[in-house]
Structure formats: structure tokens, C-alpha cells
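**Q** Listed here are the chains, written in short residue letters.
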Amino acid sequence: MSKKQKMSGAETFVECLNKEHVEVIFGLPGGAVLPVYDELYDSDIRHILVRHEQAAAHAADGYARATGRVGVCMATSGPGATNLVTGLANAYMDSVPMVAFTGQVPTTMIGNDAFQEANITGITLPITKHNYLVKDAKMLPNIMREAFYIASTGRPGPVLVDLPKDVQTEEITFEYPKNIKLRGYKPTSKGHPLQIKRAAKAIMEAERPIIYAGGGVVISGAHAELLALAETLMAPVTTTLLGIGAFPGTHPLSLGMVGMHGTKYANYAMTESDLIIAVGARFDDRVTGRLDGFAPNAKVIHIDIDAAEISKNVAAHIPIVGDAKNILTELIKEIKRKPKSKWNEKIEKWQKEFPLEYDRKSKEIKPQYVVEQIYDMCPDAIITTEVGQNQMWAAQYFKYTKPRTFITSGGLGTMGYGFPAAIGAKVGCPDKTVIDIAGDGSFQMNSQELATAVINDIPVKVAILNNKFLGMVRQWQELFYDKRYSATRLDTSPDFTKLAEAYGALGIEVTKPGEVRDAIKEALASDKPVVIDFKVTPEENVFPMVPAGAAINEVIDYGGKI
Amino acid sequence: MKHTLSVLVENKSGVLARVSGLFSRRGFNIDSLAVGVTENPEISRMTIVVEGDDRILEQVIKQLNKLIDVIKVSDIKPESSIDRELALIKVEAGPKERSEVMQIADIFRAKIIDVGTKTFVIEITGDVSKINAMTDLLRRFGIKEMVRTGKVSMLRGIKAAREE
Ligand SMILES: Cc1cc2nc3c(=O)[nH]c(=O)nc-3n(C[C@H](O)[C@H](O)[C@H](O)COP(=O)(O)OP(=O)(O)OC[C@H]3O[C@@H](n4cnc5c(N)ncnc54)[C@H](O)[C@@H]3O)c2cc1C
Ligand SMILES: Cc1ncc(C[n+]2csc(CCOP(=O)(O)OP(=O)(O)O)c2C)c(N)n1
Ligand SMILES: [Mg+2]
Chain P
1 MSKKQKMSGA ETFVECLNKE HVEVIFGLPG GAVLPVYDEL YDSDIRHILV
51 RHEQAAAHAA DGYARATGRV GVCMATSGPG ATNLVTGLAN AYMDSVPMVA
101 FTGQVPTTMI GNDAFQEANI TGITLPITKH NYLVKDAKML PNIMREAFYI
151 ASTGRPGPVL VDLPKDVQTE EITFEYPKNI KLRGYKPTSK GHPLQIKRAA
201 KAIMEAERPI IYAGGGVVIS GAHAELLALA ETLMAPVTTT LLGIGAFPGT
251 HPLSLGMVGM HGTKYANYAM TESDLIIAVG ARFDDRVTGR LDGFAPNAKV
301 IHIDIDAAEI SKNVAAHIPI VGDAKNILTE LIKEIKRKPK SKWNEKIEKW
351 QKEFPLEYDR KSKEIKPQYV VEQIYDMCPD AIITTEVGQN QMWAAQYFKY
401 TKPRTFITSG GLGTMGYGFP AAIGAKVGCP DKTVIDIAGD GSFQMNSQEL
451 ATAVINDIPV KVAILNNKFL GMVRQWQELF YDKRYSATRL DTSPDFTKLA
501 EAYGALGIEV TKPGEVRDAI KEALASDKPV VIDFKVTPEE NVFPMVPAGA
551 AINEVIDYGG KI
Chain V
1 MKHTLSVLVE NKSGVLARVS GLFSRRGFNI DSLAVGVTEN PEISRMTIVV
51 EGDDRILEQV IKQLNKLIDV IKVSDIKPES SIDRELALIK VEAGPKERSE
101 VMQIADIFRA KIIDVGTKTF VIEITGDVSK INAMTDLLRR FGIKEMVRTG
151 KVSMLRGIKA AREE
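Top to bottom, those sequences are chains P and V.
For the first sequence, position 409 (counting from the first letter as 1) is numbered 409 according to the working numbering, and the numbering increases by one without interruption.
For the second sequence, position 42 (counting from the first letter as 1) is numbered 42 according to the working numbering, and the numbering increases by one without interruption.
These aren't lab readings, by the way, just hints derived from the structure by calculation.
A hint or two may mislead.
[Stated by the list, open to error] Quick list of in silico lysine to any residue cross-link-like pairs, SDA-like style, CA-CA up to 25 Å:
| # | chain 1 | residue 1 | chain 2 | residue 2 |
| --- | --- | --- | --- | --- |
| 1 | V | Lys12 | P | Pro187 |
| 2 | P | Lys299 | P | Gln351 |
| 3 | P | Lys186 | V | Leu16 |
| 4 | V | Lys72 | V | Asp54 |
| 5 | P | Lys399 | P | Gln351 |
| 6 | P | Lys363 | P | Asp376 |
| 7 | P | Lys312 | V | Leu22 |
| 8 | P | Lys186 | V | Lys159 |
| 9 | P | Lys181 | V | Ser44 |
| 10 | V | Lys72 | P | Ser152 |
| 11 | P | Lys312 | V | Leu57 |
| 12 | V | Lys62 | P | Ser311 |
| 13 | V | Lys72 | P | Ala307 |
| 14 | V | Lys2 | V | Asp54 |
| 15 | V | Lys111 | V | Arg140 |
| 16 | P | Lys135 | V | Lys12 |
| 17 | P | Lys336 | P | Arg208 |
| 18 | P | Lys402 | P | Gly413 |
| 19 | P | Lys186 | V | Gly21 |
| 20 | P | Lys312 | V | Lys2 |
| 21 | V | Lys62 | P | Asp306 |
| 22 | P | Lys135 | V | Ser44 |
| 23 | P | Lys312 | V | Asp53 |
| 24 | P | Lys312 | V | Ile30 |
| 25 | P | Lys186 | V | Leu22 |
| 26 | V | Lys72 | P | Ser189 |
| 27 | P | Lys528 | P | Pro430 |
| 28 | P | Lys468 | P | Arg360 |
| 29 | V | Lys66 | P | Gly411 |
| 30 | P | Lys178 | P | Ile143 |
| 31 | P | Lys186 | V | Thr38 |
| 32 | V | Lys12 | P | Asn112 |
| 33 | V | Lys62 | P | Gly122 |
| 34 | V | Lys12 | P | Asn142 |
| 35 | P | Lys361 | P | Gly559 |
| 36 | P | Lys138 | V | Lys12 |
| 37 | V | Lys66 | P | Thr153 |
| 38 | V | Lys66 | P | Asn119 |
Quick caveat: nothing in here was measured; it's all calculated off a predicted structure.
Could you put together the complete structure from these sequences and hints?
**A** Written out as C-alpha cells, the structure reads:
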């Protein structure tokens with residue numbers, strides 16, 4: 001394509017996607033995006049038609065988390081655009097690079113309550129990193145370039161571009177901008193050398209250090225540096241829910257997850273530490289518990305690319321703003337090897353004393369057992385999750401050893417995320433096994449995407465831990481509301497195997513522990529999308545648990561013991 | 001504690017909504033906000049007075065800096081800046097009160113810019129405390145209406161809160 005050429009807005013749009021190396025779009029068309037869809041018809045960009053726009057956003061999100069590339073989704077104006085909202089909020093909370101395109105009524109009609117008009121830039125203002133209403137096709141190349149740049153740099157996040165219909169048909173002279181001029185956006189990537197020196201000094205002086213790693217390590221690709229740091233210092237590592245995979249769960253220094261449903265030893269170690277090395281983690285309330293009881297004797301080194309996260313919830317003594325990989329690389333140069341210490345021994349004792357436990361001898365299918373078997377049979381799979389108990393068991397009982405293999409909705413906690421995210425992850429990583437560990441409630445929020453998976457030949461597996469409840473909410477009702485199960489029973493779920501078959505997927509029902517492994521084997525062997533309906537113990541609870549308002553060392557153990 | 005922020009932003013539609021939306025969403029209270037174009041027509045300046053302790057102020061500044069359309073945020077300290085606000089005050093002034101109101105306006109170097117049969121409109125420019133002082137004095141005559149622009153601030157001397 002020659003450099004300067006007359007093109008319509010829609011052609012320009014597709015050309016810009018090519019320049020950004022976009023290989024796939026998840027979307028669903030409508031009147032206000034017809035010109036763009038007409039252009040896509042002849043293009044090499046793969047378009048995956050979803051059955052609900054929320055799934056387009058989640059699939060783009062899953063694709064982005066699995067690959068590290070920008071996920072792209074598209075919807076028409078009005079209801080199409082508003083259906084993206086949950087997916088955008090989800091991606092915003094978890095810092096996922098995504099660009100969403102929406103159709104809009106023609107510029108001349110904006111503000112008139114025109115047919116299928118919604119002020120989507122207004123609606124998504126607080127849930128996007130940035131958004132654009134393209135008022136003139138001449139602005140489109142610049143906006144496209146900026147949108148992808150903003151989404152993928154600094155602290156990543158979703159960007160929305162609203163495309164009025166007349167902009168899609170307007171003719172312009174196309175030229176893709178070489179440079180980006182954004183006066184107000186200059187993310188910091190290098191850490192301040194003096195701060196890094198201060199951090200190194202504090203680290204060498206600490207007796208009870210703990211590394212607290214979050215989603216930022218995964219985003220930054222700093223897992224190798226993190227491993228080197230931990231091994232050099234013999235420092236234990238705990239991760240957040242979103243940091244899972246940033247450090248090998250099988251490593252002797254791994255303490256697993258911290259926080260509300262974290263391991264007891266991670267929470268104890270955090271509480272007793274004298275130095276927290278926080279890397280790409282944002283001290284979420286699920287992690288800290290009651291703030292005045294959180295790590296009372298610890299100094300805090302906080303490494304984060306977003307200055308606004310520093311000292312937001314927990315005061316940082318040594319803040320270092322910048323990219324985790326850059327900073328850890330420099331930090332490692334400043335520190336010396338440390339031998340195993342009393343602190344390590346203390347932690348090892350806790351690990352022996354307080355392992356994750358459940359009733360392994362039960363005659364019923366325990367959800368934890370299902371997750372362990374999935375891990376045993378395909379430890380290299382990408383696991384996505386729904387939200388609730390299923391999500392916590394998937395976090396606790398599967399040992400993730402690589403980044404981008406555990407994909408879950410952390411900040412927003414969006415039921416219905418896991419299945420479309422699995423579809424997106426599988427599209428991005430076709431050679432990997434992708435399994436959605438699901439709940440019976442959550443799966444029903446986007447089960448219509450079975451059609452998308454079947455028709456587009458995206459063989460993801462769904463393992464429903466079917467407890468016939470909105471289990472996580474029921475657990476709170478059991479523990480804190482006298483077992484008054486108000487609106488948490490799911491007695492009238494469909495037969496999930498029949499539902500799968502209705503869409504042309506494979507359905508497998510499992511009612512006995514002895515059948516669990518065979519079912520997983522069959523699912524993995526199938527080249528189709530598969531739904532396995534594991535009938536698990538209905539009133540199983542997730543433990544350990546830190547109740548709301550408690551400090552993180554005030555833990556309820558398995559069986560409800562405090 | 002009140003703080004004055006001088007915020008340089010892209011002169012684009014929607015910027016005001018982004019800034020004010022951020023304040024309300026994060027629970028920061030805006031006392032006043034004045035906005036206008038700068039010496040560069042592509043850039044506008046907002047002077048925002050915000051109430052809160054140092055921690056809140058720090059968060060406000062960091063969150064503002066994250067907005068793509070925000071170019072620079074400066075925390076303007078009163079000792080190193082000059083600030084002004086303009087107010088229009090419609091005050092009741094019948095035949096008996098007229099001379100006294102005129103005297104007050106005179107003392108504050110305010111101007112009477114409209115005279116009705118029962119009212120004056122007074123224009124006053126000054127720092128916020130001066131305007132407050134005058135309105136306090138006028139209150140007993142009856143203030144029928146008041147419009148204030150919100151504070152605008154500028155650093156003293158050679159220093160400028162501008163894009164580097
Ligand atoms: C039912 C439920 C239960 C939960 N229970 C728990 C729990 O027990 N424990 C738990 O941990 N979480 C739990 N969560 C998740 C929790 O709500 C938060 O989503 C999670 O703790 C946040 O993880 P994070 O701190 O790693 O931050 P993220 O949201 O992953 O944020 C990433 C951080 O890294 C920074 N960053 C981004 N890029 C870079 C870079 N290149 N370099 C450096 N920094 C970077 C960002 O600025 C940000 O501060 C639960 C969620 C649900 C739905
Ligand atoms: C969209 C949405 N609605 C409501 C909730 C509140 N919620 C959190 S967990 C949960 C129960 C989920 O049930 P299920 O998918 O069956 O998972 P389980 O906890 O039983 O494993 C609910 C309703 C939510 N997180 N997301
Ligand atoms: Mg359930």
C-alpha cells in the first residue's frame with residue numbers, strides 16, 4: 001500500500017489494525033459499524049463472532065493475559081457498546097491491555113437521543129485508561145496509534161475508541177503517524193538509582209524479608225529476575241491472586257497466595273516480617289485485611305510502575321517507581337547472596353504445620369480433589385476461572401509454574417469471565433490446553449459462548465465444580481448469617497451435559513470420585529470443546545479464610561476452626 | 001486544609017469531565033475550579049482549590065497526573081504565589097443605604113457596575129479573603145445574588161507552572 005492514498009474511515013481503520021499487527025478481533029456487528037464490518041470482510045484479520053458483547057470483551061482480555069499482546073474487541077453503538085462495559089471495567093481493574101471499538105451514531109446526530117445512541121465515552125470514563133470519540137476521520141490514524149500505545153505501555157489498561165458512522169465512510173488521505181505526541185503521558189520505566197541503592201541496603205539489613213509479588217511481575221515479564229532475587233536472598237515469596245505464576249508454585253521458597261484465602265504460612269510470614277519487598281502489587285484489601293494489623297513491624301519497599309499505587313493503602317518506606325523487570329535487574333546487582341536463616345526455618349515449620357487441607361477420604365467428589373487431578377494430568381495447561389469458590393480452589397490446589405498460565409478476574413470479580421477468557425486464551429495460544437475451572441452459577445452467565453467455541457473450533461474445556469449453589473455467597477451465609485441461604489440455591493440449573501450437546505460440544509457428567517480422572521482424560525483427548533459437570537460436595541467451604549475486618553493472621557482453618 | 005492546584009491540560013472537549021469526574025469518583029472535594037486557555041491555545045489551565053490533608057493531596061496529584069490529557073500538575077503554595085478571584089455581587093441598596101454601600105465598595109476598591117432602583121451590582125477583584133471580607137460587610141444590606149469565578153493563581157517572579 002503506497003504511503004499516501006485516499007481511503008475511507010473504515011479502510012483506514014483496518015489499515016491501522018494491520019499496522020498494529022492485530023491478528024484477531026472479538027465482536028458482534030450492528031448498524032453503526034456496518035462500514036467497518038464490510039471492510040473486515042475482505043481483510044486477513046480474523047474476526048470471531050461472539051454471542052454477547054460482554055464475552056467479546058472478556059475474550060479479548062483472556063487473549064491479552066495469555067499472550068501479553070493487546071486484545072481487541074468491537075461492538076455496535078448503544079446496547080452493543082453498553083454490553084462491553086463489564087468487560088472494560090474488568091480489564092481496567094486488572095490492568096489488562098485492550099482496545100475496544102464501538103460504533104456510534106453519525107456525528108451530526110450525537111446528543112439527539114438518536115436510535116441506539118449511548119454516550120459510551122461518558123459511560124466508560126471511569127473504567128478505561130483513556131477513551132476517544134473520533135469526530136473527524138482525519139484524526140483516526142493518530143487516535144488508533146495512540147490507543148494501542150496507551151493500552152500497552154506504562155500500567156496497561158483498556159482504551160475505547162468510539163467511531164461515528166459518518167467517520168467510517170468519510171474519505172481521507174491516509175498516512176500512519178511515525179511518532180506519537182502525548183504531552184501528558186510519559187510512563188516511567190527506569191527506577192531511581194538512589195532508591196534502588198537504599199532498597200538494597202534495607203534488604204541486606206533485613207532479618208525477616210518477604211517478597212510480595214503481584215500482577216505487575218507478570219505484566220512486566222520479570223519472573224526470571226524475581227526468581228534470581230528470591231534465590232540470592234533465600235527470601236520467601238508470596239503472590240497475590242493476580243501474581244500467581246510469577247513465581248513457580250513448586251519452588252521451596254514459594255508460600256503460595258497471601259490474603260483472605262491465602263495460605264496460613266504466607267499470612268503468618270507477612271505479619272511477622274521485618275521487610276516487605278512488594279513488586280507490582282497494590283496492597284488490595286483482600287491482601288492486607290485490617291490495615292492496622294497488617295505487618296506491623298515491617299518496612300516496605302514498593303516497586304510499582306504507577307506512582308499512584310505507592311502509599312495508597314500501606315505507607316512505603318522506600319518507593320521505587322518504574323518497570324519491575326528494569327528495577328529488579330538493577331537491584332540484583334546491588335545485593336549479595338544470603339544463606340538460609342532462622343527465618344527460613346520458622347517458615348518451613350509453619351508450612352509443615354499448616355498445609356492446605358480438605359477431606360481426602362470423602363466418598364463425595366471434593367472440588368479440591370478435582371483441581372488437584374487436573375493439575376496432575378495437565379500441569380502445563382492455561383487455567384482460567386470463574387468467580388467464587390471455584391476460583392479460590394483453582395488458585396490453591398493447582399501449582400502454577402509459569403506466568404500467564406493462571407487467568408482470573410481479581411479486582412472486579414466478574415462471574416462469567418472465565419469461559420470467554422478461556423476462548424480468548426485458546427485463540428492466542430492454540431497449542432496450549434486451556435481449561436476454565438468454573439462454578440455452576442458463573443458458567444451460566446456466559447454459557448451461550450459454547451456456540452462461539454464450537455463454530456470457530458476453539459476446543460476449550462470447562463470443568464464445572466457444580467455445588468448447586470452460589471457457593472461463595474452461601475459460604476458467607478453459613479459462617480456469618482446463621483445458614484440463612486437467601487437466594488443462593490441453584491436448584492434449577494440446566495443439565496450441563498445436555499446443554500453442551502445442544503451446542504455441539506461434548507458433555508460429561510461425573511458423580512463419583514473414581515470417575516474424575518477418566519473424565520478429565522476423555523476431555524483432554526477430545527478435539528471438541530468439552531463441558532465436564534463435576535457434582536461436588538454442595539456445602540464445601542474455602543479455607544483458610546480471613547474474615548472481613550480481621551487481621552490476616554486471624555485465620556479460620558479447615559472445618560471452621562479459629 | 002485547602003490547597004491550590006494549577007493543572008495544565010490539553011484544550012480538548014471532555015477534559016473538564018475527566019478532571020471533575022476523577023474528583024467525585026475518588027471522593028475528593030473541589031472547593032472551586034476555574035478554567036481558561038493559556039498562552040498556548042492548545043493548552044488550558046485549571047486552577048483547582050481542593051480540601052484535604054497531605055495524604056489526600058498526594059493522591060489527588062498522582063491521580064490527576066495519570067489522566068492522559070493532564071500535562072502538568074503544580075501544587076501552588078500561598079507564600080510563593082499571587083491569586084485573584086472576581087465576584088459580582090448584587091446587593092440591596094435603597095435610598096437610605098446607598099452612600100454606605102458606595103463607601104464600602106470604595107474602601108475595597110470595588111466598582112459599582114450597575115445601578116437599579118433598589119440594587120447595585122458590585123464588581124470586586126482580589127484574593128479570596130478580601131472578597132469574603134467585603135461580602136461579610138454587605139450581608140446586612142441583603143445580598144440578592146452573587147457570582148464568583150473561583151480562584152486563579154500564578155507563581156511569583158520568573159518561575160512558571162508550565163510545560164517544560
Ligand atoms: C472472590 C475473590 C477472592 C479474592 N481473594 C484474594 C486473596 O485471598 N488474595 C489475593 O491476593 N487476592 C485475592 N483476590 C484478588 C484481589 O481482589 C485483587 O485483585 C488482587 O489482590 C490484586 O492483585 P495485585 O496486587 O497483584 O494487583 P494487580 O491488580 O494485578 O495490579 C498490578 C500492579 O502492578 C503494577 N504494574 C503494572 N505493570 C507493571 C510493571 N511493568 N512494573 C511494575 N509494576 C507494574 C500496577 O501499577 C499495579 O499496581 C480475590 C478476588 C476475588 C474475586
Ligand atoms: C456478576 C457478578 N454477580 C454477582 C457476584 C457476587 N458473587 C461472588 S461469588 C458468587 C457465587 C458464584 O457462584 P458459582 O459460580 O456457582 O461459584 P462457586 O462459588 O459456587 O464456586 C456470587 C454470586 C459476582 N462476583 N459477579
Ligand atoms: Mg456454585
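**Q** Each hint: holds or not?
**A** Hints and how they fare:
no.: 1; hint: V:Lys12 <-> P:Pro187; verdict: holds, 21 Å
no.: 2; hint: P:Lys299 <-> P:Gln351; verdict: holds, 24 Å
no.: 3; hint: P:Lys186 <-> V:Leu16; verdict: holds, 21 Å
no.: 4; hint: V:Lys72 <-> V:Asp54; verdict: holds, 19 Å
no.: 5; hint: P:Lys399 <-> P:Gln351; verdict: holds, 15 Å
no.: 6; hint: P:Lys363 <-> P:Asp376; verdict: holds, 20 Å
no.: 7; hint: P:Lys312 <-> V:Leu22; verdict: holds, 16 Å
no.: 8; hint: P:Lys186 <-> V:Lys159; verdict: holds, 23 Å
no.: 9; hint: P:Lys181 <-> V:Ser44; verdict: holds, 17 Å
no.: 10; hint: V:Lys72 <-> P:Ser152; verdict: holds, 22 Å
no.: 11; hint: P:Lys312 <-> V:Leu57; verdict: holds, 12 Å
no.: 12; hint: V:Lys62 <-> P:Ser311; verdict: holds, 11 Å
no.: 13; hint: V:Lys72 <-> P:Ala307; verdict: holds, 15 Å
no.: 14; hint: V:Lys2 <-> V:Asp54; verdict: holds, 10 Å
no.: 15; hint: V:Lys111 <-> V:Arg140; verdict: holds, 19 Å
no.: 16; hint: P:Lys135 <-> V:Lys12; verdict: holds, 12 Å
no.: 17; hint: P:Lys336 <-> P:Arg208; verdict: holds, 16 Å
no.: 18; hint: P:Lys402 <-> P:Gly413; verdict: holds, 22 Å
no.: 19; hint: P:Lys186 <-> V:Gly21; verdict: holds, 22 Å
no.: 20; hint: P:Lys312 <-> V:Lys2; verdict: holds, 20 Å
no.: 21; hint: V:Lys62 <-> P:Asp306; verdict: holds, 9 Å
no.: 22; hint: P:Lys135 <-> V:Ser44; verdict: holds, 20 Å
no.: 23; hint: P:Lys312 <-> V:Asp53; verdict: holds, 14 Å
no.: 24; hint: P:Lys312 <-> V:Ile30; verdict: holds, 20 Å
no.: 25; hint: P:Lys186 <-> V:Leu22; verdict: holds, 20 Å
no.: 26; hint: V:Lys72 <-> P:Ser189; verdict: holds, 19 Å
no.: 27; hint: P:Lys528 <-> P:Pro430; verdict: holds, 13 Å
no.: 28; hint: P:Lys468 <-> P:Arg360; verdict: holds, 21 Å
no.: 29; hint: V:Lys66 <-> P:Gly411; verdict: holds, 19 Å
no.: 30; hint: P:Lys178 <-> P:Ile143; verdict: holds, 12 Å
no.: 31; hint: P:Lys186 <-> V:Thr38; verdict: holds, 22 Å
no.: 32; hint: V:Lys12 <-> P:Asn112; verdict: holds, 21 Å
no.: 33; hint: V:Lys62 <-> P:Gly122; verdict: holds, 22 Å
no.: 34; hint: V:Lys12 <-> P:Asn142; verdict: holds, 15 Å
no.: 35; hint: P:Lys361 <-> P:Gly559; verdict: holds, 15 Å
no.: 36; hint: P:Lys138 <-> V:Lys12; verdict: holds, 16 Å
no.: 37; hint: V:Lys66 <-> P:Thr153; verdict: holds, 13 Å
no.: 38; hint: V:Lys66 <-> P:Asn119; verdict: holds, 23 Å
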